[in-house]
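The listed protein sequences derive, respectively, from chains H and E.
Counting in my numbering, the first sequence runs without a single skipped number right up to 309 at its last residue.
Counting in my numbering, the second sequence runs without a single skipped number right up to 618 at its last residue.
Quick caveat, the hints were computed from the structure, so don't treat them as lab data.
Predicted, not measured: the structure shown is a model, and the values here were computed from it.
Hints are not guaranteed to be accurate.
Claimed, not checked - With a cut-off of at most 20 Å between alpha-carbon atoms, the simulated DMTMM-like pairs for lysine to aspartate or glutamate come out as follows: (1) E:LYS435 x E:GLU557; (2) H:LYS126 x H:ASP281; (3) H:LYS104 x E:ASP490; (4) E:LYS413 x H:ASP181; (5) E:LYS311 x E:GLU361; (6) E:LYS311 x E:GLU358.
Number of protein chains: 2
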Amino acid sequence: MKVALVGIGKIAVDQHVPAITNSPDWELAATVSRHGSVDGVEAFTDLGELLETRPEIRVISLCLPPVPRFAYAMQALQAGRHVMLEKPPGATLAECHALEAAAKAAGLTLYATWHSREADMVPAAKAWLADKVLKKLTVTWKEDVRRWHPGQDWIWEPGGLGVFDPGINALSIVTEILPHDIHVTDAVLEVPENRQTPIAAQIGFHHPQGADVSATFDWRQDGDQIWEIEAITDGGTLRLSGGGAQMEIDGQPSGEAAALDGEYPRLYDRMSALVQKGGSDVDLRPMTLVADAYTLGRRDTVAAFHEDG
Amino acid sequence: MKVALVGIGKIAVDQHVPAITNSPDWELAATVSRHGSVDGVEAFTDLGELLETRPEIRVISLCLPPVPRFAYAMQALQAGRHVMLEKPPGATLAECHALEAAAKAAGLTLYATWHSREADMVPAAKAWLADKVLKKLTVTWKEDVRRWHPGQDWIWEPGGLGVFDPGINALSIVTEILPHDIHVTDAVLEVPENRQTPIAAQIGFHHPQGADVSATFDWRQDGDQIWEIEAITDGGTLRLSGGGAQMEIDGQPSGEAAALDGEYPRLYDRMSALVQKGGSDVDLRPMTLVADAYTLGRRDTVAAFHEDG
Numbered sequence: 001m002k003v004a005l006v007g008i009g010k011i012a013v014d015q016h017v018p019a020i021t022n023s024p025d026w027e028l029a030a031t032v033s034r035h036g037s038v039d040g041v042e043a044f045t046d047l048g049e050l051l052e053t054r055p056e057i058r059v060i061s062l063c064l065p066p067v068p069r070f071a072y073a074m075q076a077l078q079a080g081r082h083v084m085l086e087k088p089p090g091a092t093l094a095e096c097h098a099l100e101a102a103a104k105a106a107g108l109t110l111y112a113t114w115h116s117r118e119a120d121m122v123p124a125a126k127a128w129l130a131d132k133v134l135k136k137l138t139v140t141w142k143e144d145v146r147r148w149h150p151g152q153d154w155i156w157e158p159g160g161l162g163v164f165d166p167g168i169n170a171l172s173i174v175t176e177i178l179p180h181d182i183h184v185t186d187a188v189l190e191v192p193e194n195r196q197t198p199i200a201a202q203i204g205f206h207h208p209q210g211a212d213v214s215a216t217f218d219w220r221q222d223g224d225q226i227w228e229i230e231a232i233t234d235g236g237t238l239r240l241s242g243g244g245a246q247m248e249i250d251g252q253p254s255g256e257a258a259a260l261d262g263e264y265p266r267l268y269d270r271m272s273a274l275v276q277k278g279g280s281d282v283d284l285r286p287m288t289l290v291a292d293a294y295t296l297g298r299r300d301t302v303a304a305f306h307e308d309g
Numbered sequence: 310m311k312v313a314l315v316g317i318g319k320i321a322v323d324q325h326v327p328a329i330t331n332s333p334d335w336e337l338a339a340t341v342s343r344h345g346s347v348d349g350v351e352a353f354t355d356l357g358e359l360l361e362t363r364p365e366i367r368v369i370s371l372c373l374p375p376v377p378r379f380a381y382a383m384q385a386l387q388a389g390r391h392v393m394l395e396k397p398p399g400a401t402l403a404e405c406h407a408l409e410a411a412a413k414a415a416g417l418t419l420y421a422t423w424h425s426r427e428a429d430m431v432p433a434a435k436a437w438l439a440d441k442v443l444k445k446l447t448v449t450w451k452e453d454v455r456r457w458h459p460g461q462d463w464i465w466e467p468g469g470l471g472v473f474d475p476g477i478n479a480l481s482i483v484t485e486i487l488p489h490d491i492h493v494t495d496a497v498l499e500v501p502e503n504r505q506t507p508i509a510a511q512i513g514f515h516h517p518q519g520a521d522v523s524a525t526f527d528w529r530q531d532g533d534q535i536w537e538i539e540a541i542t543d544g545g546t547l548r549l550s551g552g553g554a555q556m557e558i559d560g561q562p563s564g565e566a567a568a569l570d571g572e573y574p575r576l577y578d579r580m581s582a583l584v585q586k587g588g589s590d591v592d593l594r595p596m597t598l599v600a601d602a603y604t605l606g607r608r609d610t611v612a613a614f615h616e617d618g
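My request is simple: use the sequences and hints to build the entire structure.
Written out as structure tokens, the structure is:
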């Protein structure tokens with residue numbers, strides 16, 4: 001299946017291009033980007049031109065930042081193409097609803113991907129939690145923004161989500177593995193005095209069975225990078241670490257890794273299946289929790305952040 | 310039909326109590342409030358006690374501020390009661406989804422009311438716009454917070470919505486009268502340096518047919534209070550003023566007022582119909598637009614606000 005990649009930045013080069021080129025199902029047929037390109041692949045700077053001149057490319061995969069993504073996604077859908085969206089699927093919930101409606105009306109596939117849900121041990125964690133009573137769930141997502149988002153100024157601009165850009169990965173796992181939906185009850189957003197989006201956040205959640213659920217996101221982490229979810233249940237303690245790559249039950253390694261190797265190969269595999277059977281996959285729960293944290297959260301101003309500082 | 314009113318504050322006394330007592334369909338059978346009560350009506354301080362001792366009261370109407378509302382709504386649904394929610398229906402979107410799911414599972418009615426949609430001329434405006442091509446829509450909602458929200462400190466706390474508390478009324482009308490859904494593309498939230506929620510906001514929207522749609526909300530309005538929506542179309546200009554009470558087409562009064570007299574009598578009439586035929590009415594679009602404005606909006610710090618200042 002031929003796919004065009006729109007937005008040739010860090011995530012496209014690091015993840016999408018290798019996942020596509022190593023897949024037997026997919027062919028990277030074109031790219032659209034102002035500056036980037038991929039060796040040996042036809043490069044466009046305008047999506048409209050690609051849609052017009054390459055009608056055999058049925059799938060468009062969008063790796064742009066969330067704010068400009070809607071216009072490209074709608075343009076692709078209106079040109080009759082299936083669309084795959086990097087996370088988060090948009091800058092607003094309402095624009096995602098509009099894309100969903102457009103895809104449905106046209107009989108096209110829209111896939112709002114959550115790459116962290118494809119981490120090795122996420123299915124095993126979900127299966128293990130399915131019959132347990134949750135007592136406490138603690139999310140700790142602490143990384144160094146300078147290491148993971150070099151030069152990405154858009155993350156600090158309105159709509160760029162700040163620390164919720166990695167934090168939403170954690171929330172995409174939590175909403176996937178928990179058998180019950182949670183909602184935000186309180187949040188503190190720590191916003192650098194020279195920025196618009198938070199560098200850290202602490203969130204409390206309501207759990208329908210009364211479990212104590214909380215999350216801490218922090219972009220100021222030196223040394224070890226921590227992407228962990230600990231779930232204390234009536235049947236033991238699950239620890240998912242490395243962003244979902246490792247799983248322990250009561251301190252012992254546990255669980256079988258999902259099929260295929262790697263988050264992005266699994267995403268493209270799922271997209272291939274969706275297009276073939278028809279239908280969409282648009283789960284906005286992680287994004288809703290972030291929007292709710294923004295709406296309900298207390299904002300504390302913290303020290304200025306300078307990338308080179 | 311017997312109804313209990315939970316939260317006897319300004320909106321309950323000004324609107325809910327007269328609407329219920331003047332209706333032939335409804336009887337105000339009890340109240341729940343820490344401090345308030347209504348003459349001649351049994352007063353509880355605890356919802357659980359009411360639910361247990363007054364099983365014949367099948368409908369609970371919640372007029373509390375949004376942050377504490379979820380717990381009461383869920384408690385009432387779990388006790389098998391139909392629930393009516395003041396606007397906004399909750400502090401978060403995810404909690405509203407949880408309430409919707411609970412009501413559906415139990416076969417109960419959940420009605421997320423939007424009182425401004427029941428203003429006299431809203432149905433006429435909707436009917437007039439249905440076959441027009443929209444060119445430009447301008448929302449101007451400017452009122453004096455000291456006059457309309459005296460002593461309501463919760464509006465300035467996280468989750469209290471600030472100027473979006475009246476602004477969401479405008480958005481509830483806009484989402485009702487426009488034949489196409491809009492979404493937020495940019496927003497500026499003006500937040501007083503001593504408060505958590507905005508005192509003013511300017512919002513830009515995407516309209517699927519390219520109309521120029523914008524809203525200005527301001528709580529610092531002296532003199533005339535302005536609650537207006539102007540829609541310029543290919544068939545003339547509609548002006549809805551007084552929060553939906555008056556309508557003009559090209560400067561001439563126009564339209565027939567809706568049946569019944571007053572926003573709250575219409576809400577209770579609609580609740581009565583919903584309970585009798587079964588089913589819920591939970592339209593979260595106004596709240597989604599607010600959450601999106603919070604997520605995507607730029608925050609500007611403005612002068613401190615003191616109620617007595």
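Q) Which of the listed hints are not met by the structure? A) Checked against the structure, no hint fails, so every one of them is satisfied.
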